[in-house]
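Trainee: If you want the building blocks of each chain, they are given just below.
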Amino acid sequence: RKEVEQDPGPFNVPEGATVAFNCTYSNSASQSFFWYRQDCRKEPKLLMSVYSSGNEDGRFTAQLNRASQYISLLIRDSKLSDSATYLCVVNPTGTASKLTFGTGTRLQVTL
Amino acid sequence: DGGITQSPKYLFRKEGQNVTLSCEQNLNHDAMYWYRQDPGQGLRLIYYSQIVNDFQKGDIAEGYSVSREKKESFPLTVTSAQKNPTAFYLCASMDRGLSNQPQHFGDGTRLSIL
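Order-wise, the sequence lines are chains A and B.
Those letters in the first sequence? Residues 1 to 111, per the working numbering, in order.
Those letters in the second sequence? Residues 1001 to 1114, per the working numbering, in order.
Hints in this document: simulated from the structure, not taken from any laboratory.
There could be a bad hint or two in this list.
[Unchecked claim] 27 angstroms max Cα-Cα, derived DSSO-like pairs, lysine-lysine:
1. B:Lys-1070 with A:Lys-2
2. B:Lys-1057 with B:Lys-1083
3. A:Lys-42 with B:Lys-1057
Remember, predicted model here, so these are calculated numbers, not experimental data.
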């Protein structure tokens, strides 16, 4: 089993739609979790951290389910500019050690 | 502006040549990382360093070397032993003093074989 697994997509959704991505992780002791956004041929950029109680940033909501070992990202009212690859990232220890990156889920928002 | 600077943006390597990719950060971060990304693939860790004068191999260290003589700098050398070096190389840094921190990335170097 991969340490971090994501559905590669692509998810093709119309503008204004709500879309959700899930990411599962294998290390039950993992401490911190993040969603990054990566545009084509660019570097990954932090979208949001994922907190145990769930957190929201505008149209984006992240949730963590430790019992089932998955995190999710919900995007409401999708915009064309949301088209990108979304990377799930897990830090097993919470310290500055090795992070584990998922291979990403590609989102394409269309008119 | 604080950030991570990678140079050059594009680099071409001849057969048998070593090339060095630069990564400099002014975020005062202790930890720095090098990743490789192939088209349509995820990030794979090459080397990382949690403190000056110390570094550890990542998952794909063969054919690469690094040094960490200064806190701000973590150069990566792609040696001639790396037979398939064409990829997007990303440098990242992280605050080691606080827990649960994200990594911050430079804008990458694209390396191609001539």
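Trainee: Are the hints correct? Go through all of them and say.
Mentor: Verification of the supplied hints:
1. Straight-line distance between C-alpha atoms of Lys-1070 (chain B) and Lys-2 (chain A) comes to about 35 angstroms, which puts the hinted pair past the 27 angstroms bound.
2. Using a Cα cut-off of 27 angstroms, the hinted pair Lys-1057 (chain B) and Lys-1083 (chain B) holds, with the two alpha carbons roughly 18 angstroms apart.
3. Straight-line distance between C-alpha atoms of Lys-42 (chain A) and Lys-1057 (chain B) comes to about 25 angstroms, which keeps the hinted pair within the 27 angstroms bound.
The structure fails hint 1 only (numbered hints given earlier).
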